[in-house]
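Number of protein chains: 4
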Amino acid sequence: MKITEARVIVCSPGRNFVTLKIVTDQGIYGLGDATLNGREKAVVAYLEEHCIPALIGMNPENTEDIWHYFYRGAYWKGGPVTMTAIAAIDMALWDIRGKSLNVPVYKLLGGKSRDRVLVYAHANGVSLQDAVEKAGVEIKKGFKAVRVQCAVPGVSHAYGIARDGRSYEPASKGLPETQVFDTGKYLDFIPEVFAGLRAAYGTDINLLHDVHHRCTPIEAARLAKDLEPFHLFWLEDPVSGELKEGLRLIRKHSVTPIAIGEVFNTGFDFTTLITEQLIDYIRMPLAHGGGITHLQKLAAFASFYQVRTGFHGATDLSPVNLAASLHFCLAVNNFGILEYMPHQDVVHEVFSINYSLSDGHLQISDAPGLGVDLDEERARKYPYAMASLPVGRREDGTLWYW
Amino acid sequence: MKITEARVIVCSPGRNFVTLKIVTDQGIYGLGDATLNGREKAVVAYLEEHCIPALIGMNPENTEDIWHYFYRGAYWKGGPVTMTAIAAIDMALWDIRGKSLNVPVYKLLGGKSRDRVLVYAHANGVSLQDAVEKAGVEIKKGFKAVRVQCAVPGVSHAYGIARDGRSYEPASKGLPETQVFDTGKYLDFIPEVFAGLRAAYGTDINLLHDVHHRCTPIEAARLAKDLEPFHLFWLEDPVSGELKEGLRLIRKHSVTPIAIGEVFNTGFDFTTLITEQLIDYIRMPLAHGGGITHLQKLAAFASFYQVRTGFHGATDLSPVNLAASLHFCLAVNNFGILEYMPHQDVVHEVFSINYSLSDGHLQISDAPGLGVDLDEERARKYPYAMASLPVGRREDGTLWYW
Amino acid sequence: MKITEARVIVCSPGRNFVTLKIVTDQGIYGLGDATLNGREKAVVAYLEEHCIPALIGMNPENTEDIWHYFYRGAYWKGGPVTMTAIAAIDMALWDIRGKSLNVPVYKLLGGKSRDRVLVYAHANGVSLQDAVEKAGVEIKKGFKAVRVQCAVPGVSHAYGIARDGRSYEPASKGLPETQVFDTGKYLDFIPEVFAGLRAAYGTDINLLHDVHHRCTPIEAARLAKDLEPFHLFWLEDPVSGELKEGLRLIRKHSVTPIAIGEVFNTGFDFTTLITEQLIDYIRMPLAHGGGITHLQKLAAFASFYQVRTGFHGATDLSPVNLAASLHFCLAVNNFGILEYMPHQDVVHEVFSINYSLSDGHLQISDAPGLGVDLDEERARKYPYAMASLPVGRREDGTLWYW
Amino acid sequence: MKITEARVIVCSPGRNFVTLKIVTDQGIYGLGDATLNGREKAVVAYLEEHCIPALIGMNPENTEDIWHYFYRGAYWKGGPVTMTAIAAIDMALWDIRGKSLNVPVYKLLGGKSRDRVLVYAHANGVSLQDAVEKAGVEIKKGFKAVRVQCAVPGVSHAYGIARDGRSYEPASKGLPETQVFDTGKYLDFIPEVFAGLRAAYGTDINLLHDVHHRCTPIEAARLAKDLEPFHLFWLEDPVSGELKEGLRLIRKHSVTPIAIGEVFNTGFDFTTLITEQLIDYIRMPLAHGGGITHLQKLAAFASFYQVRTGFHGATDLSPVNLAASLHFCLAVNNFGILEYMPHQDVVHEVFSINYSLSDGHLQISDAPGLGVDLDEERARKYPYAMASLPVGRREDGTLWYW
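Chains as they are written, first to last, in our numbering: chain A, 1 to 402; chain B, 1 to 402; chain C, 1 to 402; chain D, 1 to 402.
Next up, chain A with everything else stripped away, as it sits in the complex (with noise of 0.2 Å):
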């Protein structure tokens, strides 16, 4: 088998998608998300400039040595650019594997571990008590886990939080939105709003909460710490990670489960918190960590020490990746949970997809390959329009995380 061809789509069903897709000599072609949250651009160049061309004859069976062709090939290693662009490569290369053998690509990673794959849903509340309600609205749907995020009193902007009382999606057109963050008043009224969370709905329901990169390693170890009664599923990204050690601190201090990495890009980001057992779930995606082939491995490692995944899955993500993450999730021994924002309908205008959900879980089809497929006649009616991620300022006006 070659690979005869490969291009890159954009299109924009009412948030931008960059899709790489494969074609083969035999016919057969195979997509990957290449989606990197306003920096899509960037991605769409380092494939077609620097890695289409280069791809064109290869045999794409080759899985494994194309993977370090892209990560060594490009001597400059790693970072969310250049893993994302090999993220969408391997996605569509085992999409093609899949097709090829006219199997799911989950029966090539293990076959079932499981019959379905939990999720969670999201609860934003622009207050407590709506905090409460909208986590019950979800756990009526029949979602077994919910991550609740909640508007703090005198604060302009918590994260998570759509002001505008539509569904929260955090690009906006054009520039970057400065949002403005206050950790002191945050960290005073969270464990609050996991005490009404509880007293509404006892200890059943899995709740986890994303700290969203903002707290510093000893704010972090005091949530974390004050959340222990509350018994989190998970707390998210507690501080921003570019220290691995930072997260120490809120391991000497508390019991709660520590979940990271949606924002790391390759393996290597985590040898320091698995070997130290700082972390317990890993939540790099396929898209933005190098694909199946590199997340496979990761798992592995991760498989000794007892961490878990629990990928990163909000609808910055194209289906591509969320069809990607499902066989994988079905197939690990040590998966964890899956995160799940449902898109809008108009993504499915452009995608056809092989998923559902129901009691709080997704299933998958037997569908060759990953199962989804792109209408690029479709996709050319919502072409790329430029949008940015909120930047992050404290009280005082210093850049921070957002």
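Hints listed in this document are in silico derivations from the structure and should not be mistaken for laboratory results. Hints are supplied without guarantee of correctness; some may be wrong.
Note that identical chains are pooled: a pair holds if it fits in a single copy or bridges any two copies.
What the hints assert, rightly or not - With a straight-line Cα cutoff of 27 Å, these simulated DSS-like cross-link-like pairs (lysine-lysine) come out:
#1 107 / 2
#2 173 / 2
#3 225 / 252
#4 141 / 252
Assemble chains B, C and D onto chain A, guided by the hints.
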């Protein structure tokens, strides 16, 4: 002061260079080097599509805030494409600061800590004898330090050797060349080369060698130990470096000084290496490491551990980066050495420069700002042409570090 | 540019201040604060007898080289007298740099990272109720952060309390006063004070407390733990700090943020504290820590560990240090908070200032250099008069930390 | 007993000495050495302006309390100026104690642990051959231990070498001399010197060498390793030592014994070094390390780790310090060796001494107290004249450790 315009200039006088030009409402403009060898177009898109729109209207005086705006504000942090884009912005802003205050940039970085900047030259031999002779040529030119690479008998492609007798340029037009390497033969041979060099030139000349990431930790430890009698100034990139702890093994077995980091992108890549005292020199160049603002912080950090700068300075970076490096190296106390490869003459048709070589040192004029300029008219005569760094394989075909 | 003259001005408008004035051949002069409360004359002699003769003829632009000239060149390195002298030199040179380039110093340090500088006020109560009331007074004035100290029943001299109802000034004329303290009563009482404060003012106000070195590590750990429910902004100088590892015990037992270092003098005092993540805020002031040049390096180092600045800023330092601190705190990203005690009016007869307080923040004008000046004529009206900080004893008479 | 008077005597018989004289109401007085080479006047002011007023009226018997009064009571703790002042006070109080009890000080420190004190002499060669010869001269004089320094071919100023053939005195009149050094040439050459020494004098003589802070940790590790075959008694100040962890690297690579600390000022500088077993000898002299009271504690601590004393004893300290050191070294069990440089004859016009050299050891009389005296009349004939230690630069001009 306000930024009114910014544009990216891609030109290829002999090789590809990407330059960011930021223009202000006061007529002053600044230049930043945005060249990422073999991945140029990804940085161009990153800047043009995602950064420049945000730059317009900013006050260029606020370099600290702007740095964090693009670093933290990108959300997906770090990596070569991102950090090269940020470096170019930062460098251009320092150029503007210098010009607007009418002083050379080094005067804004603490003034002169020395009068001139020690550099090292390159000697790449096709045989042991040729390596010794080539080193002699550089010594005769007045260089006090020479990096020596040598073809290894029985090995197709030792790093750094041009087989056609011309000056060594790793990138080739079009797609990557494949280069084949054997670590075993290399490890046996290299100590002989340095024995030969010491026999020929005694102990006064500073000798450097670049492993170029090709060894495993234990191989690197062996090489560092075997080279001890020849007292290298440094051994460079002995391992690939994604696993920071990999350097512990080298350090445990030898006192050969270690330089690393030409493919690193942030100071966070160095925290373990510096605090555990695993390295002696920082190779991360301004142009790939977030610019002057970030390297100033890393050099400050390193100074507490007597770790010095030894920036990458091959011709894959433009005269803009070289000038910025010279200002930096003139000012910072814990400077060690700077790599230097002269650009081809055609480069200076496009870029006018403010530095000159004599007696193995570079000197820089007192022109305001960085002191280099780019002739956009002439740049247009040398359009971009795709070029790629090689891809490395071991003798059995394994994709390895080039 | 050349330094043609330098002189030390000692004056005592209400309290002793030592100011270094460095004059250049271009008529520009710079001021540096050289005040070391209770040891003023040692710094005067250090500067006059040993540094000033060497300064004459130097180029004031070379701040990095001059810093090391006095730091390494002294041979006997570090300590409060030496580092205060070096700080004064460095501060004056930055003042000169700013004036010669006609910009405020913060524009040389990276521009504005924020518009104004958050400060904390002081409330020193003679009783629990008085402490709560005094804090209320500061909150009403608009302060967002208040350090609260309180007399302890049965203890002669809790730190920070003026028993005569006047504003607190630790130094007294002539020889040191002896102050008697009991750690046990203090540990029992202080959590009640903060319970009272939180009951009165809720969670929004930032509360700080200064242990002033008086606890042993295990006592400090108990206090930090007992104060957790009241969520201090920081607990300051919980132990005396000569033994850096002493802070491990505190960190092991609590998530109360820790600030330390107002009696430290170099960044080397912080390497263990920062890399082991034992502290959250750096208290070392510019005037005692080698000036802007050295603190810029330490802040850079600290930034990799999310440790922030929280400089000492009592009235024992002159307006020159305060102005320099404001420039620094405006520019550095990892600024946390600045201590602020207003100088008596008589101080401003001698020193003209460029900063003002509003809404719990300090703002600074865009005057070139540091922006403060000293009227030497008026300074002469307030001659030096020996004053000393107290000496602390435990109840059994043991000489202890004051 | 009460202190009725105290004064500082500065004299310069050949070189500057600062002596503190404390007088009691019983007519007994004590002497303390307060000399801080090149920073004398700062200590004078520290004592005269800030300490002496407080000393008057104190009971000199309470050495422990008085020590803490000045150490903790200064608030701004430690550093060379402060600790030299405290050392002088402490030494003078021990002199008074001895005199008032009519016993030599060593009898108050535990009596004799040995009969005489092993010292090491200095041999400073202008060439390898000269170094060997100079060492031979000292051996012939009966010295059992010799520190050997040697000029390095191609290096302007190796440490410890007088180029005019006179005895070595580092301080020069007036401003600091600049001395230029090259670490690379030094590292290549020094092992040859010790090879030559061992070849000439066999293994019985104890050989020492002083790196004088000029190496980075990895350079020091190399030197310590390269010197292993020559079995040094110690390698001194291999690194500058502000970063204590810097010594780990040396220890990892060699079994050459290490001495450090002639520029340290408190026992806290040694906690890491001792508990991690990074050193073998303590160089901090009584006169700069807080006196007998503090060094007694440090020696006690060190004894638990089999670390010994090896005090700095160059002629920059007066006979008062030398006498105090001899009492100390006679009494303490974990004594190692003492540095000894004979003072010029003119010194003994001012200071009368109680010690004498024979057979490579110093012996001390049983005169009460320290046993040395100062003739104030004669001291006046030798007024203070500013003198400075050199400032070191690397060959490229970088300000470095002298």
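Results for each hint:
1. In the homo-oligomer, the alpha carbons of residue 107 and residue 2 lie at most 27 Å apart both inside one protomer (23 Å) and across protomers (14 Å), since each shortest distance falls under that limit.
2. For the homomeric pair residue 173 and residue 2, the shortest alpha-carbon distance between copies (23 Å) is at most 27 Å, but the shortest distance inside one copy (39 Å) is not.
3. Proximity of residue 225 to residue 252 under the C-alpha cut-off of 27 Å is found in both arrangements, the shortest distances being 10 Å within a copy and 13 Å between copies.
4. In the homo-oligomer, the alpha carbons of residue 141 and residue 252 never lie at most 27 Å apart, since the shortest distance is 37 Å inside one protomer and 39 Å across protomers.
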